[in-house]
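Asker: Heads up: the sequence lines are chains A and R, in that order. The working numbering numbers the first residue of the first sequence as 39 and each following residue consecutively. The working numbering numbers the first residue of the second sequence as 13 and each following residue consecutively.
Treat the hints with care, since some could be wrong.
Claimed, not checked - Straight-line C-alpha distance at most 30 Å; calculated DSS-like pairs for lysine-lysine:
no.	chain 1	residue 1	chain 2	residue 2
1	R	321	R	197
2	R	218	R	249
3	R	77	A	247
4	R	342	A	250
5	A	252	R	218
6	A	69	R	330
7	R	136	R	249
8	A	305	A	247
9	R	40	R	249
10	A	250	R	135
11	R	245	A	252
12	A	346	A	439
13	R	77	A	252
14	A	347	A	443
15	R	31	A	250
16	A	346	A	376
17	R	245	R	321
18	A	432	A	376
19	A	347	A	247
20	R	197	R	208
21	A	293	A	346
22	A	247	R	208
23	A	449	A	353
24	R	218	R	31
25	A	247	R	249
26	R	249	A	252
27	A	90	R	135
28	A	90	R	136
29	R	40	A	250
30	A	69	R	135
31	A	353	A	285
32	A	354	A	376
33	R	31	A	247
34	A	379	A	443
Hints in this document: simulated from the structure, not taken from any laboratory.
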Amino acid sequence: MAQAVKTPRIPLDKQILMTVNGDEAVAYAVKQSLVDVVAAYPITPQTIIVEKFSEFVANGEVHTEFVPVESEHSAMSACVGAAAAGARAFTATAANGLALMWEILYIAASLRLPIVLAVANRALSAPINIHCDHSDAYGMRDSGWIQLFVENVQEAYDTTIQAFKIAEDERVLLPVAVNLDGFFLSHTLENIHMLPDEAVHEFLGGYRKIPKVKVDYFDEEVPLAINPARPLSFGPLDLYDYYFEHKMHQVEAMKRVPEVVREVNEKWYELTGRKYGDGMLVPYEVEDADVIVTVLGSTAGTVRHVVKKLRREGKKVGMVRIRMFRPFPHKELAEILKNAKVVGVMDRGISFGSYGPSFLEVNTALYDYKEKPLLVNYIYGLGGRDAEPSLVEKMFEELLKDAEKGVVENKLRFLGVRE
Amino acid sequence: MPAQTLPQIPIKKGEPAYKLWIFEPGWKGELPLILNPRQLAEQKRPAILPGHRLCAGCAAPIIVKLASFAFRGPTIVVNATGCLEVATTIFPYTSWAVPWIHNAFENAASTGSGVESAIKAMKKTGRLPYEHVDVVIFGGDGGTFDIGFQALSGAAERGHDFLYILYDNEAYMNTGIQRSGGTPKFAWTTTSPVGKVLPGKMQHKKPIADIMVAHRIPYVATGTPAHWLDFIKKVRKGIEVDGPAFIHALSPCDRGWRHDTAITIEIARRAVDTCYFPLWEWTPEKGYMLTDRSLAIARNPKLKQPIEKFVEVQGRFKHLLKPENRHLLKELQEWVDAVWEDLLRRATNAPK
Chain A
39 MAQAVKTPRI
49 PLDKQILMTV
59 NGDEAVAYAV
69 KQSLVDVVAA
79 YPITPQTIIV
89 EKFSEFVANG
99 EVHTEFVPVE
109 SEHSAMSACV
119 GAAAAGARAF
129 TATAANGLAL
139 MWEILYIAAS
149 LRLPIVLAVA
159 NRALSAPINI
169 HCDHSDAYGM
179 RDSGWIQLFV
189 ENVQEAYDTT
199 IQAFKIAEDE
209 RVLLPVAVNL
219 DGFFLSHTLE
229 NIHMLPDEAV
239 HEFLGGYRKI
249 PKVKVDYFDE
259 EVPLAINPAR
269 PLSFGPLDLY
279 DYYFEHKMHQ
289 VEAMKRVPEV
299 VREVNEKWYE
309 LTGRKYGDGM
319 LVPYEVEDAD
329 VIVTVLGSTA
339 GTVRHVVKKL
349 RREGKKVGMV
359 RIRMFRPFPH
369 KELAEILKNA
379 KVVGVMDRGI
389 SFGSYGPSFL
399 EVNTALYDYK
409 EKPLLVNYIY
419 GLGGRDAEPS
429 LVEKMFEELL
439 KDAEKGVVEN
449 KLRFLGVRE
Chain R
13 MPAQTLPQIP
23 IKKGEPAYKL
33 WIFEPGWKGE
43 LPLILNPRQL
53 AEQKRPAILP
63 GHRLCAGCAA
73 PIIVKLASFA
83 FRGPTIVVNA
93 TGCLEVATTI
103 FPYTSWAVPW
113 IHNAFENAAS
123 TGSGVESAIK
133 AMKKTGRLPY
143 EHVDVVIFGG
153 DGGTFDIGFQ
163 ALSGAAERGH
173 DFLYILYDNE
183 AYMNTGIQRS
193 GGTPKFAWTT
203 TSPVGKVLPG
213 KMQHKKPIAD
223 IMVAHRIPYV
233 ATGTPAHWLD
243 FIKKVRKGIE
253 VDGPAFIHAL
263 SPCDRGWRHD
273 TAITIEIARR
283 AVDTCYFPLW
293 EWTPEKGYML
303 TDRSLAIARN
313 PKLKQPIEKF
323 VEVQGRFKHL
333 LKPENRHLLK
343 ELQEWVDAVW
353 EDLLRRATNA
363 PK
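Work out the full structure: start from the sequences and follow the hints.
Answerer: Rendered as structure tokens:
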């Protein structure tokens with residue numbers, strides 16, 4: 039949740055109050071971020087992003103080349119080409135479109151291209167369903183992308199701008215996916231505060247800067263781009279003698295992400311007065327909590343509301359919103375959770391034959407602790423099913439009972455599904 | 013054509029050849045199109061350097077080398093996955109003297125779209141230190157006829173300014189000679205083997221260049237490394253037009269076609285002599301125009317050779333030469349004749 043600060047560099051009255059939905063917020067953020075190439079293909083519930091952005095292009099409000107590609111596969115491919123040529127590139131998709139991009143997601147990350155992708159999270163087919171869940175985002179978990187999940191429209195705007203800053207940081211150079219819940223955020227109007235254009239330009243340092251690297255056949259450091267001034271080959275064949283080391287570079291880059299996310303979160307706080315926990319985790323009422331629930335995305339708002347209510351009733355409950363899913367902040371999360379009696383892990387997606395993907399992470403985070411909470415996985419909201427407060431409250435009641443008993447019988451539970 | 017100076021760094025003895033392709037920011041002008049063979053030999057500037065690991069007898073590097081003789085200045089090459097890509101860029105080495113990018117198999121055209129869009133965006137904002145940067149895409153038949161066709165068709169429809177050169181070795185050679193949409197009828201491949209019932213591939217080659225003509229892009233042409241002058245000229249035209257251009261180059265493959273490594277160029281020549289692979293170019297203004305040897309054959313039909321001349325030197329067709337398979341050869345001849353007659357009817361410069 040955004041926390042107020044007394045004197046941001048751009049005070050609230052100098053920020054622009056707009057009523058927009060999540061998709062429009064992302065489109066405005068991209069517009070202000072001096073993006074050179076946007077390549078995108080329509081898919082619900084992402085489409086408003088590209089529709090809105092097309093208006094900016096049609097009205098000459100941006101310098102951006104808009105590439106209305108013939109598929110999401112080509113959208114990501116064009117972003118790879120554009121980013122390799124030194125451009126700031128953006129695309130947006132959801133569900134099946136993200137699945138179609140899958141091959142190129144890995145290539146974008148492995149070529150270390152700072153592309154930003156907005157995902158309006160939506161269930162995967164079949165059966166075809168246009169509504170929100172996180173199965174699309176979980177599917178790209180291992181692709182080498184940084185994955186951020188936002189809670190509200192304001193955060194969708196803030197995070198899209200931050201994403202470019204994080205991706206292009208020379209310590210990182212990895213693509214970033216900004217996840218906003220389909221319909222719950224993509225199509226829901228909120229009042230948000232936007233920065234003046236110049237403030238965003240300044241925050242990002244203007245157009246994209248190309249990092250320089252040392253390669254064998256040039257004496258001086260050369261721009262890491264396909265560039266006629268210093269020709270490089272991008273995307274060569276890389277066999278067992280080098281591939282592993284290149285993968286290690288990605289591993290190392292991921293390790294450096296948390297410090298950059300933290301810094302960017304702080305800089306944004308100084309600039310706007312808004313910050314999201316430490317940039318990775320957003321805890322709420324966790325200090326003395328017996329029961330803590332972890333959650334991603336917009337459902338955090340509902341969970342917070344229920345926590346507030348239960349706290350008024352004297353129940354020791356809390357919540358952690360996982361804002362950054364990749365790289366996963368295992369240690370930071372474990373430090374928050376370790377003293378609880380029971381932790382409920384909410385997953386809007388499931389790995390069939392296993393648990394929800396974030397449940398596996400929470401288990402991993404806590405495994406090494408001698409004293410640790412019991413863990414329960416709640417699968418909820420698949421295909422856009424609403425996680426209403428009464429359901430969330432029921433979950434907390436169950437978890438409080440588990441805490442009392444000190445034992446968990448059923449680790450994998452389904453919230454809000456007909457028997 | 014008068015001799016003109018090459019880029020700012022002339023090759024000095026002992027200096028690496030790639031330096032010729034370094035265009036310092038602010039470079040202006042246009043590289044001359046050298047068509048005089050002697051001058052070309054003296055001033056040659058292939059963008060693909062020796063040391064690559066393509067097979068002896070492979071036509072692909074010849075096609076790339078000839079194409080690069082026609083580059084007019086700063087050029088970015090995009091390469092689809094395939095023999096050319098894997099054999100020229102085995103890390104930590106590269107054979108490419110020009111900036112080069114490989115993304116995946118089916119997306120060379122969309123990757124090229126992205127590169128071209130980046131160039132445009134940089135130019136618009138005064139960040140491009142050149143007057144123009146050309147984008148040339150190389151893809152094989154698998155990456156063009158089949159898996160990459162959607163991306164190519166989409167990029168052509170959107171009108172990006174690039175030249176796509178298809179080097180067509182008529183099968184998935186990189187994975188071990190599997191049939192593709194570019195494989196001709198009756199050719200043996202490892203997935204269209206010659207068996208007791210089936211005499212090789214049972215479908216004809218997809219008319220990919222005609223399909224690109226149907227997109228009504230500014231320039232489409234065919235070429236072979238045997239007709240090198242014709243090919244170089246066509247590449248330059250493809251680069252110079254504003255918008256997408258497509259060149260279909262036949263690329264004999266001694267491993268897949270089962271021919272002697274020394275006769276690659278001869279086979280390409282026979283492909284044209286037999287009208288199996290006619291040479292032409294198409295523009296929206298002039299329509300189909302025959303070029304080089306194919307124009308000569310149109311003017312003097314006696315020059316046209318029977319399809320046996322193309323088939324007899326290739327192991328992939330050897331079953332066609334058996335007496336019991338004469339009817340298959342006849343069918344192939346009839347198909348070649350029908351396609352050629354159709355082309356003659358369409359070609360605006362063919363004698364009527």
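Asker: Look at each hint and say if it fits the structure.
Answerer: Okay, the hints, checked on the actual structure:
For the given pair, residue 321(R) sits about 16 Å from residue 197(R) by alpha-carbon distance, which is consistent with the 30 Å threshold. Only pairs whose Cα atoms come within 30 Å are accepted, and residue 218(R) paired with residue 249(R) is accepted, the gap being roughly 24 Å. Taken as a hint, the residue 77(R) and residue 247(A) pair is broken in the structure, with Cα atoms around 33 Å apart against an allowance of 30 Å. Restraint check: the Cα-Cα separation between residue 342(R) and residue 250(A) comes to about 61 Å, which exceeds 30 Å; the hinted pair is violated.
The straight-line distance between the Cα atoms of residue 252(A) and residue 218(R) is roughly 45 Å, outside the 30 Å bound, and the hint therefore fails. Taking the CA atoms of residue 69(A) and residue 330(R), the gap is near 62 Å; set against the 30 Å cutoff, the hint is violated. Annotation: proposed proximity of residue 136(R) to residue 249(R) holds, straight-line Cα distance about 25 Å (limit 30 Å). In summary, the hint linking residue 305(A) to residue 247(A) is supported, as the alpha carbons are separated by about 19 Å, within the 30 Å threshold.
Annotation: proposed proximity of residue 40(R) to residue 249(R) holds, straight-line Cα distance about 20 Å (limit 30 Å). This hinted pair checks out: residue 250(A) and residue 135(R) have alpha carbons roughly 21 Å apart, not beyond 30 Å. At most 30 Å may separate the alpha-carbon atoms for a hinted pair to count; residue 245(R) and residue 252(A) exceed this at roughly 38 Å. In summary, the hint linking residue 346(A) to residue 439(A) is supported, as the alpha carbons are separated by about 19 Å, within the 30 Å threshold.
For the proposed pair residue 77(R) and residue 252(A), the alpha carbon gap of about 28 Å is at most 30 Å, so the pair holds. For the suggested pair residue 347(A) and residue 443(A), the alpha carbons sit about 23 Å apart, so the restraint of at most 30 Å is met. For the proposed pair residue 31(R) and residue 250(A), the alpha carbon gap of about 19 Å is at most 30 Å, so the pair holds. A distance of roughly 21 Å separates the Cα atoms of residue 346(A) and residue 376(A); the hinted pair therefore holds under the 30 Å criterion.
With a CA separation close to 27 Å, the supplied pair residue 245(R) and residue 321(R) stays within the 30 Å bound. In summary, the hint linking residue 432(A) to residue 376(A) is supported, as the alpha carbons are separated by about 23 Å, within the 30 Å threshold. Distance check on the hinted pair: residue 347(A) and residue 247(A) sit about 48 Å apart at the alpha-carbon level, beyond 30 Å; violated. Proposed proximity of residue 197(R) and residue 208(R) is supported: the alpha carbons are some 17 Å apart, at most 30 Å.
Note on residue 293(A) and residue 346(A): the hinted pairing is violated, with a Cα-Cα distance of about 35 Å set against a maximum of 30 Å. For a cut-off of 30 Å, the pair hint linking residue 247(A) to residue 208(R) is broken: about 63 Å separates their Cα positions. Proximity of residue 449(A) to residue 353(A) is assessed by CA-CA distance (about 22 Å); at most 30 Å being required, the pair is judged to hold. Under the criterion of a C-alpha separation no larger than 30 Å, the hint pairing residue 218(R) with residue 31(R) is inconsistent with the structure, at around 40 Å.
Taking the CA atoms of residue 247(A) and residue 249(R), the gap is about 35 Å. The hint is violated against a cut of 30 Å. A threshold of 30 Å between alpha carbons decides the hint, and for residue 249(R) with residue 252(A) the separation of about 37 Å lies outside it, so the pair is violated. Proximity of residue 90(A) to residue 135(R) is assessed by CA-CA distance (about 24 Å); at most 30 Å being required, the pair is judged to hold. Restraint check for residue 90(A) and residue 136(R): the C-alpha separation of about 22 Å stays at or below 30 Å, so the hint holds.
Among the hinted pairs, residue 40(R) with residue 250(A) is consistent with the structure: their alpha-carbon atoms are about 24 Å apart, no more than 30 Å. Only pairs whose Cα atoms come within 30 Å are accepted, and residue 69(A) paired with residue 135(R) is accepted, the gap being roughly 18 Å. Of the pairs offered as hints, the one joining residue 353(A) and residue 285(A) is violated, with about 47 Å between alpha carbons and a cut-off of 30 Å exceeded. Taking the CA atoms of residue 354(A) and residue 376(A), the gap is near 15 Å; set against the 30 Å cutoff, the hint holds.
In summary, the hint linking residue 31(R) to residue 247(A) is supported, as the alpha carbons are separated by about 25 Å, within the 30 Å threshold. The suggested pairing of residue 379(A) with residue 443(A) holds, with an alpha-carbon distance near 10 Å, which does not exceed 30 Å.
Checked against the numbered hints listed earlier, the structure breaks hints 3, 4, 5, 6, 11, 19, 21, 22, 24, 25, 26, 31; every other hint is satisfied.
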